[in-house]
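Number of protein chains: 2
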Amino acid sequence: MVATSRTALAELDHADPLASCRDRFSLPEGVIYLDGNSLGALPRAAAARAGRVVGQEWGEGLIRSWNQADWINLPRRVGAKIAPLIGAGPDEVIIGDSTSINLYKLLASALRLKPDRPVILSEVDNFPTDLYVAEGLVRWLGPPFELRMVERGMLSGALDHRVALLMLTEIDYRTGERHDMKVLTSLAHERGTLVLWDLSHSAGVLPIDLGAAEADFAVGCGYKYLNGGPGAPAFLYVARRWQETIEPVIADWMGHARPFAFNAEYVPADGIARFLTGTPSVLALSVLDAALDVFDGVDMKQLCAKSMALTDIFIALCEQRCAGNDLVVASPREVAQRGSQVSFRHAQGYPIMQALIARGVIGDFRAPDLMRFGFSPLYVRYVDVFDAVEALVAILKSGEWREPRFAQIAAVT
Amino acid sequence: MVATSRTALAELDHADPLASCRDRFSLPEGVIYLDGNSLGALPRAAAARAGRVVGQEWGEGLIRSWNQADWINLPRRVGAKIAPLIGAGPDEVIIGDSTSINLYKLLASALRLKPDRPVILSEVDNFPTDLYVAEGLVRWLGPPFELRMVERGMLSGALDHRVALLMLTEIDYRTGERHDMKVLTSLAHERGTLVLWDLSHSAGVLPIDLGAAEADFAVGCGYKYLNGGPGAPAFLYVARRWQETIEPVIADWMGHARPFAFNAEYVPADGIARFLTGTPSVLALSVLDAALDVFDGVDMKQLCAKSMALTDIFIALCEQRCAGNDLVVASPREVAQRGSQVSFRHAQGYPIMQALIARGVIGDFRAPDLMRFGFSPLYVRYVDVFDAVEALVAILKSGEWREPRFAQIAAVT
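In order, the protein sequences belong to chains A and C. Heads up, the first sequence is in the numbering used here, so the first residue is 1 and it goes up one at a time. Heads up, the second sequence is in the numbering used here, so the first residue is 1 and it goes up one at a time.
Bound conformation, chain A alone (with noise of 0.2 Å):
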C-alpha cells in the first residue's frame, strides 16, 4: 500500500534526499508542473548562463569567444555530460540538431552497414515523427527500401534476415510503456540486426545503460527530462565500436578531420565528430549545458525510486478519489514497466486537461483521449501529486470543465 494523506506525503517529502533539487529550479507561482515530459521546467543555472553567453561571450566576447569560451568544443563538451546519464562513454555522445535530424542522420547511415537488408523495422505505436522519417527515407530511396511496421507484440517474429535495423522509443510517449531494452537489443543481434533507441521520454528520469545493452545507436530529446529549453538541441550516440566504420550521410565541415583547413576534400573526423553538422547552435547548447548541472550529484537511482513512487501514488490516488468518474489508467501499473509518467484515458480528456490548467496543474493531452501527467523527480514533489489529484477531484465534481472557454481546441506540443 503506498501513503495517500497530505500528512504521509509531506513526510515523504521531508525524508526526501533528492528535496534540495527543487530549488535549482525557477518555477512559477500556484503551478503544479507535471509536463516535464514535454517541456522540462527552468533551471536556474540556465537562466544565469543565457544571460552571460549573450551578454559577455556573444557582445562582449565576439568572434573570439570560439576560443575564448571554447564554442567550438560544446558539442562534445555537452554530450560528455549527459553520457553517464545514458550509459555511455564520453566520447560516444554529441549534441546538435534536433532528435528528428539526428534520427535521419543515423538511419541513413546504419543502412549503409547492412547493405544486403533493405528494411528498417519498427513498432506501428512508435512516435509517429520517428516513423515519418523513416518513411521518408525508405521512399526516396525507393525500392527495395522498406520500413515494416508491427505491433509491439510481434517485433521478434518480424526480426528476419532482411532487417538492416530496428528503431524503438523506450518509452511509449502516449502511455509510459517500456521496453526492455537489453532483451529486445540482445534478440535483434542474435538476427544480426543493429538497433537504434530514441530515449527522449526516458533520458534524465530512467537509469539507462546503452553500454550494457550493447545498443548501437540512439538519440533523445534534450527539453523534456533533460531541462534544456524549448527546442533545445537534441544528442546523438553512436557505439564506439561502430564510430570508425560508419559513413556520415550529411558530410559536413564540422565533421570534417581538419574544418578550419577549409579543404576541398572531405576527410570525416576520427570517431563520433564525424555526425557533428553546422555551426554549433552556441545560444541553446550553452544553456542546456548549464541546465545539466541539475544532475550534479544527484544519484540517478533515487531519481528512478522516486520516480516510481510519485507515479504510483498518483494512480491510487487518483483510483482513490476519483473512481466513478469514467477514468481509466492506460499506463501499465507494474512500475518497472513504465516510464515517469501515467496517463489516463477519459472521452471528455480534453476539457477536462484545459480546466486542470486553468487552475495551475498543468499536464497535456493527446488526442484521442488522453490526458497525460509527467513527474520529474527533481522538482515535482508528493503533496504536488495529492493537490494535483485535489484539483481533478474538484474539476471532476463540479463539472467546470463543461464550461465553453475549455472546450476549444489549440495545438500543443
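Don't take every hint at face value.
[What the hints assert, rightly or not] For each label pair, taking beta carbons as the anchor points, the in silico distance ranges come out as:
id, chain 1, residue 1, chain 2, residue 2, range
1, A, P144, C, R345, 49 to 59 Å
2, A, E151, C, R52, 38 to 48 Å
3, C, V2, A, D296, 56 to 66 Å
4, A, K114, C, R52, 20 to 30 Å
5, C, Q337, A, D23, 56 to 66 Å
6, C, T4, A, Q68, 44 to 54 Å
7, A, E29, C, D293, 26 to 36 Å
8, A, A261, C, R152, 14 to 24 Å
9, A, G89, C, E334, 52 to 62 Å
10, C, D293, A, T7, 33 to 43 Å
11, C, V328, A, Q68, 23 to 33 Å
12, A, P143, C, A48, 49 to 59 Å
13, C, L113, A, K182, 16 to 26 Å
[Stated by the list, open to error] Some chain A residues well away from chain C (every beta-carbon gap over 10 Å; in silico):
id, residue
14, P17
15, A83
16, G231
17, A323
18, E390
19, L396
[What the hints assert, rightly or not] Every beta carbon over 12 Å from chain A, so not counted as near; a handful from chain C, in silico:
id, residue
20, S5
21, G40
22, V54
23, P90
24, S100
25, K182
26, P207
27, E247
28, H256
29, A264
30, S286
31, C322
Because the hints were derived from the structure by calculation, they are not lab data. The structure displayed is predicted, hence computed values, not measured ones. Where a beta carbon is used, it is the ideal one built from N, C-alpha and C, also for glycine.
Given the coordinates of chain A, work out where chain C should sit on it, guided by the hints.
Chain C only, in chain A's frame:
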C-alpha cells in the same frame, strides 16, 4: 577619388543616414569590429529578448507558451521577416536547422525533380562545406549521381543536359567576389537546370532579389550579417512554383499537414512548411527574431551604398598607407563585383591579424594567407575604417606582429 582623411571620414559619419543604427547594437569598448561577415554583433533587442524568452516565456509560461507566446509559428514568422531582405515572398522562407542541413534537404529533394539528370554542378572555390554536403550526398547515393566542380569561368560550358542543379554561393567567402545571380540563374534555366544560391555572405548587407532572378532555391546563415547570434538557425527558400511538387527527404511532424494529430500516415504540409523538421529551436529563433528588428526602417539601397563606400575607402587607405608592405588586395576592385568584405593577402597574414586583434581591430584570417575584413554598415563607422588602417600601419611599422604570442595557430571560425 574617395575621401581618406579622418576629418573627411568623420564628416561622412555625420551625414550618414544610417549612423543612428549603431545604437541598436551593444558593442564592446575599444573594439573596431570588422568580422560581422563571420559573426554579427549583438543587437540590444536580442539581448532583451533572450532574457524574456528564458525567464518569462519558458520559466513562467512553461508548456503554455507554445500557444501563448506563439512559439509554434516562429519558423514561419521569422522567415517572413527575412523574406524582404532577400527578395522573397513571406511564404517562401522558413528558418530552422543549420545552413548545412538546409542545403542537404534542398539538394536531396531537388535531385528528385530532375530524375533524368544526376549531376550537381558547382565551382571548385565554393565554400568547402557546401561541397562536402553535396559530395557526401552523391557518394551515398552512388553512381550515376555526381558532383561536378569547375572553375568559376567554366560554369557556362559545364551546364549540360546531365546537370540537375547548379549550386553556388553568391559571395566568395575568401575574396568577397560576387556572382551575378540573375545572369547565372537565367543561363542555367535555359539549359533546363535548377539553381540553388547560398546567401550566407550576402543576406543582410546586399540587396538580393531572388524573385527577380527567378532563383529556385536558396539557403543562408542567420549569424553573419543578420546578427542572429553564434550558431543562429539558418534560412531556407523555395520558390512558390516548386512548393507543391517538391517532396521533402526528411519527413517530419513539423512539416506534416496536421502535426498534432499524431497520425501514422505522413502527409506533407502545404507550401514551404513541409521543409520544417524537429521542434523549433525557440531560444535561438526568438533571439534571431529580435535581432532582425535592427533592419526596421533601413533602406537596403542606402545600406549597400555605405557598404560600397566603406570597402572602397578601406582599400584606398590600405594601399595609400601600407604601400611597400607586401599587402596584396585579393578582392575585386570594382565595387559591384564584391560583397561587403575586403581581403588582403600577406605571407605573414596570420600573426599580423593576431596583432590587430590585440589592438582591438577584429578581422579574421583564412589559410593560407588571407586577412579578411567585413564591414557591417549598420554598426561600422567611416572613422573606424581610418582607425583600423592606422592600427595596421603601426603594426607593420613596429613589427610587433613578430612577437611570439601572435604566432600560435588557434581554431577560428
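Going down the list of hints, with the structure as the test:
Evaluation of the 49 to 59 Å hint for A/P144 and C/R345 yields a pass: the beta carbon distance comes to about 53 Å. About 46 Å separates the C-beta atoms of A/E151 and C/R52, a value consistent with the hinted range of 38 to 48 Å. Separated by about 58 Å at the C-beta atoms, C/V2 and A/D296 satisfy the suggested range of 56 to 66 Å. Taking the beta carbon of each, A/K114 and C/R52 are about 48 Å apart, not inside 20 to 30 Å as hinted.
Distance hint check: the CB atoms of C/Q337 and A/D23 are about 60 Å apart, consistent with the given range 56 to 66 Å. Separated by about 34 Å at the C-beta atoms, C/T4 and A/Q68 break the suggested range of 44 to 54 Å. For the hinted restraint 26 to 36 Å between A/E29 and C/D293, the CB-CB distance of approximately 31 Å keeps it satisfied. Between A/A261 and C/R152 the beta carbons are some 21 Å apart, a value that agrees with the proposed interval 14 to 24 Å.
Between A/G89 and C/E334 the beta carbon distance is about 55 Å. The supplied range of 52 to 62 Å therefore holds. For C/D293 paired with A/T7, a C-beta distance near 54 Å fails the hint of 33 to 43 Å. At about 30 Å, the beta-carbon gap between C/V328 and A/Q68 stays in the expected band of 23 to 33 Å. A C-beta distance of roughly 54 Å is found between A/P143 and C/A48, which places it inside the suggested range of 49 to 59 Å.
As the Cβ distance of C/L113 to A/K182 is approximately 45 Å, the hint placing it in 16 to 26 Å is violated. Chain C leaves A/P17 outside its interface by the beta-carbon criterion, the shortest separation being 26 Å against a cut-off of 10 Å. Every Cβ of chain C is farther than 10 Å from the Cβ of A/A83; the closest lies at roughly 22 Å, confirming the non-interface assignment. For A/G231, the condition that its CB be more than 10 Å from all CB atoms of chain C is violated, with the nearest at approximately 4 Å.
No Cβ of chain C comes within 10 Å of the Cβ of A/A323; the nearest lies about 29 Å off, and the non-interface call holds. With a minimum CB-CB distance of about 21 Å to chain C, A/E390 clears the 10 Å threshold, and the non-interface call stands. Every CB of chain C lies more than 10 Å from the CB of A/L396, the least distance being 22 Å, so the non-interface label holds. For C/S5, the requirement that its beta carbon stay farther than 12 Å from each beta carbon of chain A is met, with the minimum near 29 Å.
Separation of C/G40 from chain A is inadequate, the least Cβ-Cβ distance of about 9 Å not exceeding the 12 Å criterion. Not every C-beta of chain A lies more than 12 Å from that of C/V54, the closest at about 5 Å, which undercuts listing it as non-interface. Residue placement check: C/P90 keeps its beta carbon more than 12 Å from all beta carbons of chain A (closest about 20 Å). A cut-off of 12 Å between C-beta atoms contradicts the statement that C/S100 is not in contact with chain A; the least separation is 4 Å.
With 12 Å as the threshold on Cβ separation, the claim that C/K182 sits away from chain A holds: the shortest Cβ distance comes to roughly 28 Å. Non-interface call for C/P207 relative to chain A: holds, since the shortest CB-CB distance, roughly 25 Å, exceeds 12 Å. Not every Cβ of chain A is farther than 12 Å from the Cβ of C/E247; the closest lies at roughly 7 Å, contradicting the non-interface assignment. With a cut of 12 Å on Cβ distances, C/H256 falls inside the contact zone with chain A, its closest approach being about 7 Å.
Against chain A, the non-interface label of C/A264 is violated: not every CB pair exceeds 12 Å, the least being about 6 Å. Some Cβ of chain A comes within 12 Å of the Cβ of C/S286; the nearest lies about 9 Å off, and the non-interface call is violated. With a minimum CB-CB distance of about 23 Å to chain A, C/C322 clears the 12 Å threshold, and the non-interface call stands.
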